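Residue 1 is where the sequence shown starts when you use the working numbering, and the numbers rise one by one after that.
Note that these hints are calculated values from the structure, not bench results.
Treat the hints with caution; some may be incorrect.
[Unchecked claim] When the alpha-carbon atoms are kept at most 20 angstroms apart in a straight line, the in silico SDA-like pairs for lysine to any residue are as follows:
(1) K4 / L86
(2) K24 / Y70
(3) K119 / K30
(4) K28 / R43
(5) K28 / L117
(6) K30 / V84
(7) K62 / K24
(8) K30 / Q40
(9) K115 / V84
(10) K62 / L9
These numbers were taken from a predicted model, which means no experiment stands behind them.
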Amino acid sequence: MSIKQFEDLKVWQASREFITLTYKLTSKPKFKTDFGLKDQFQRASVSVMNNIAEGFERDNNKEFVRFLTYSKGSAGEVRSLLYVALDLEYISESEFLEHYNLAIDIITQIANFIKYLNKTK
1 MSIKQFEDLK
11 VWQASREFIT
21 LTYKLTSKPK
31 FKTDFGLKDQ
41 FQRASVSVMN
51 NIAEGFERDN
61 NKEFVRFLTY
71 SKGSAGEVRS
81 LLYVALDLEY
91 ISESEFLEHY
101 NLAIDIITQI
111 ANFIKYLNKT
121 K
């Protein structure tokens, strides 16, 4: 399959799912009132997807890799924020694990994609 637009990328599709899950988590009653954490959590999640799209549209692998690296970092930030939400009892252990595992999957996909792009330079 040929990739013609960023929406064709599996990692972008997974990050879109990640955002939906993030917004569902941050709409929970306890989470909703912590505006700082909620905002940071949402921004970092959206950044994962948007950096993939922005890098793709740069039309060269070096730039794309740079933006994928930003995206990977944002996914790591979300993982860290998940611990805060769990420790403050804003989310359950099962909610934590669902989001955490998806973050790990996205990070792995990004890392593998970066390796692939670096080989095709």
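We went through each hint and held it up to the structure:
no.	hint	result
1	K4 / L86	violated (39 angstroms)
2	K24 / Y70	violated (24 angstroms)
3	K119 / K30	violated (46 angstroms)
4	K28 / R43	holds (17 angstroms)
5	K28 / L117	violated (39 angstroms)
6	K30 / V84	holds (13 angstroms)
7	K62 / K24	violated (34 angstroms)
8	K30 / Q40	holds (15 angstroms)
9	K115 / V84	violated (31 angstroms)
10	K62 / L9	holds (17 angstroms)
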